[in-house]
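Peer 1: Below, each chain spelled out in residue letters.
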Amino acid sequence: MIFDLSTLFGLGVAYLAILFGIAFVTDRGWIPQRITQHPLVYVLSLGVFASVWSYYAATGNAFRDGFGYLAPFIGISLAFLLSPLMLRPILNITKSYQLSSMADLLAFRYRSPWAGTLTTLVMLIGVTPLLSLQIQAVANTVGILTTEASQTTLAITFCLLITLFAIFFGTGRGSGREKHEGLVLAIAFESVVKLFALLAVGLFSVYAGFGGFDAMNQWLIEQPELLRQLKEPSPPGTFQITALLFFTAAVAMPHMFYMTFNENNDPKALNLASWALPLYFLLLSLPVFPILWAGLKSGSTSPMEYYPVTMGIEYNSEIFTLIGFIGGVSAASGLIIVITLALSTMCLNHLILPIYQPNAGQNIYRWLLWRRRLLITALIWGGFLFYYLPDDKLSVRAIGNVAFIASLQFLPAIIALLYWPRGNKKGFLAGLSIGIAIWFVFLMLPVATGTNYFTLANLSSREIIALSLICNVTLFVLVSLFTRSSDEEKASADICSLDTLRRRNQSGLSAKSPQEFIAKLTKPLGQRTATREVLKALADLKIDSQESRPHAMRLLRGRLEANLSGLLGPAIAHDLIDRFLPYNIQSDNYSTDINVIESRIEAYRSNLSGMAADLDNLRRYHRQVLLELPLGVCSLGPQNQIVMWNRALEELTGITNEEVVGSQLDEIGEPWCSIILNFTHGENAHQHKQVVQVKGSKRYISLHKAVIEKSSAHQIQQDGVVILLEDLTETELLEEELTHSERLASIGRLAAGVAHEIGNPITGIACLAQNIRDETDSDELRSMARQIIEQTDRTSRIVQSLVNFAHSGSHLTEKTREIVDIEECIDEAIALISLNKKSKDIRYKIACFPGARMLGDSQRLLQVLVNLINNAQDASPAHSTITIECKKIASSVEISVSDEGSGIPETIKDRVFEPFFTTKEPGEGTGLGLSLVYSIVENLDGHIDIMSPTRQSENPGTRVILSFPCYDEAKVEQ
Amino acid sequence: MYIPPSTLIILVFSYLLFLLSTDWVMQEAGAWYRPFIVSLFVIIVAAWAYREQNSDDL
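Order-wise, the sequence lines are chains A and B. Heads up, the first sequence stops at 970 in this note's numbering, and the numbers go up one at a time, no gaps. Heads up, the second sequence stops at 237 in this note's numbering, and the numbers go up one at a time, no gaps.
Hints are computed from structural coordinates only; laboratory data are not their basis. Small disclaimer: the values here were computed from a predicted structure and weren't measured. Backbone N, C-alpha and C fix where the C-beta goes; we use that ideal spot for every residue, glycine too. Treat the hints with care, since some could be wrong.
As the list claims (entries may be wrong) - 16 Å max Cα-Cα, derived EDC-like pairs, lysine to aspartate or glutamate: (1) Lys905/A - Glu733/A; (2) Lys175/A - Asp262/A; (3) Lys91/A - Asp262/A; (4) Lys227/A - Glu207/B; (5) Lys227/A - Asp202/B; (6) Lys516/A - Asp574/A.
Claimed, not checked - Anything over 12 Å on all C-beta distances counts as not near chain A; from chain B, calculated: (7) Leu195; (8) Leu198; (9) Leu199.
Full structure from sequences and hints, please.
Peer 2: Below, the structure written as structure tokens:
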């Protein structure tokens, strides 16, 4: 069966056009996000790993190794089944620090640009033959199906289409950090296509080749040799080495790293992938045997690797031949696209950028985008050349298989990255170098040149692989143990190690605001890029651009480094940030930091059991006691680093725990910094009633401190101070009020005595003056007597006021409790005031809610209102309005009297309730009015407040507000 | 090194299943798809073990 080239070409192009279409409509947002971001799409996109090896090579492997062909499937499945041990921690790190490849991860962990460069070079050597294998598979398949065109022409066309797809949908138009949803959905579609194709060809093989499953089993029973081969154990170690190789490839291979970590939208999707991807591989491996057996039964002369395509030819079915062909194209194209995308970023970050960086004047994003596109093109066509140039196509396959083994050399570094913080870059580079050297000399060189230059005691390939791995691990461990790690490396190791958590350096930064960040980054990145990156980091963190608190600036620095790492790679980003946004003080290795120890325990709390869980409960209890203590608690570590900041202190200072814990004390801002710092350095262990101005209001704070001695446990080297801050403001205000009341009471008592003593003689003088006035004939004497009487009247009125004032505070036991109609009282007060002929032309505006009532004494309330309205009238200019309002607020009734005068000056506000204090002209007022009002209101269980100026900005006058408990009929009846 | 309970379940189950099923899978007269049945059991247990998020996860 021979196909027209046009048919195959049309089919191949149509298939790739569908991929273009899927990616295009997804990128345009025409497919809902609930579909594009569904975890199943993520799982299927991971099916990119099932490339030519699973689609074509599996049949040949199944014939040679029997069940041993399942080793690659088992290896990759194990990596996902055990995802919490390796994949999830790596996902957490890559997400936090925007690491896009294995090279990024290793460069970040071992803090060495060389780690990234070496990893990229090894991957480049290992992956290029793999790319050529995919191209070869597609070209060979077409070569089997048609004789019309040369395989090279077909390979060129295939590479051209794949290059266009990768450039259009893999690089995007942004900074390169964004997710490629179109690409992911297209790759997921490819996974479905190849699974469907293989299952369809498998079923076809069973029914067309044998007539059904029973017939196939019957045929199998008649083939004892085949059955023996099927279940014959592989040479010792082969299965394990292959499984380990594919287990490592799940993380180390660029395409798997890219899909698993870079394009992951939701970490929870990895949970689904943990079992769904093994299921996918199980389904993919299931039809391999039926296809193999059907091919053997048919006596096919085609290479076994191509049975999935040739089954249709053998059993005369065009449709299944084409299905097999499309499945093969999808397996090859998906891998090429993803692998070149991943590798282009690695090459850019670790081979090009360390040597040449764009200058600040250039558009960095555009520069990076085009470099990435060029690299993708170069990689795909490099793969093509690797396929095209060698005469012996079989050697390409052999080199591809051997090159794949190189990825195994990264296994020790990956495990150490997560589980051995002691491992360092020297160990990693030494281990990797020896492993790669053995691989190259004893595996790669013989296969590539066809000559064994060096022999190693006739060891088999799997033994050489094992040896390279053993040497790698041994050297890695020994060098790491006998060399020192830098502080930076230790910090990275702490971050990556499963036993520790992300920590921030809490030292001060040289840049104090986002504007300074932009200014400092302008030099390396240019104004436009620096501004864009800083604004992006601010938006990511939801921080305002005017923010300048040290805590926020540290967060901004961390975010900027992570974002730039996604753009330029971790090595360049770290170097750039360290150079242009340095910390003032390099912090120590803070593995002994109490907060770090605490957060570490907190993170693994659910994993603790037995005594450890009991101790943790105890720790949490004690911590909770301190956090919930109604006194402010601040604990300082060495160099005044804030270790604890409890909730009461958060309320008192308005500074959250998150903002200050780990910072230096001098970063918390005034006034708290000076207060705590002075007290810490002072000799006194207690300081009472320190006055602090907080947001314009006065607060009274008492401070107490205790020194924390160094712990005997070497893990906790705490040496600091614990400070208690007691807020006494409420108590102080109550005391002030009490003092004021006492003073009023004493003045009242004094006034009563004075009134009594003065009243009697005055009455006598007045009587005598009246006698003189009535009995004398002298006009002059009568006039003088009249003046005496007037003065004594005035004195009597003052005395009467004093008596009233004195009595107002001493009638608590004789309270009159009647229902007072407030509106009536207000009307009566205004009526009384209007009787005064000297009163100005004032308007009264009354707004009282219907049925405003309270329990009390109507005469006293009247007295209060007359006083207040009188004062308002005195303060008001002519023709102004005095507003008297009565509102019901919850269970209180609020009466307010507002004038449109000039208000009460700030300097005398505190004194207006003092007896004898007046601003009126001598003889105009006694200064007892408001004092009297104050006493009466208190007697009526009310409260008085003065707002001057009133809140209405247009009115600078005064508003006096009286609050009384509202009359509640039901309550009173009870 | 901390191993989450879900992973521990899968590890222990797979190990026991491997011990118990090796002979059954390799029987000469046994069906060719027996290894796939064993694998399917492991995947089902994994699906059950990972059915809900571990509290330590992101």
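Peer 1: What's the verdict on Lys227/A and Glu207/B, does the C-alpha distance respect the 16 Å limit or exceed it?
Peer 2: Given pair Lys227/A, Glu207/B holds - Cα atoms ~8 Å apart, limit 16 Å.
Peer 1: Run the distance test for Lys227/A versus Asp202/B: straight-line Cα separation, threshold 16 Å.
Peer 2: This hinted pair holds, its Cα atoms lying about 11 Å apart.
Peer 1: For a C-alpha distance cap of 16 Å, please report whether Lys516/A and Asp574/A respect it.
Peer 2: Within the cut-off at roughly 11 Å; holds.
Peer 1: Is the hinted pair Lys175/A and Asp262/A satisfied, with a Cα-Cα distance of at most 16 Å?
Peer 2: holds, 12 Å
Peer 1: Straight-line Cα separation of Lys91/A and Asp262/A no greater than 16 Å?
Peer 2: holds, 10 Å
Peer 1: Examine each Cβ of chain A, and state whether all of them lie more than 12 Å from the Cβ of Leu195/B.
Peer 2: holds, 15 Å
Peer 1: Checking the smallest CB distance to chain A, is Leu199/B really beyond 12 Å?
Peer 2: holds, 17 Å
Peer 1: Lys905/A and Glu733/A: Cα distance at most 16 Å?
Peer 2: Satisfied, since the Cα-Cα distance of roughly 15 Å is no more than 16 Å.
Peer 1: Beyond 12 Å on every Cβ pair: is that true for Leu198/B relative to chain A?
Peer 2: With a cut-off of 12 Å, Leu198/B remains clear of chain A, as the shortest Cβ separation is near 16 Å.
When each numbered hint is compared with the structure, no violation occurs for any of them.
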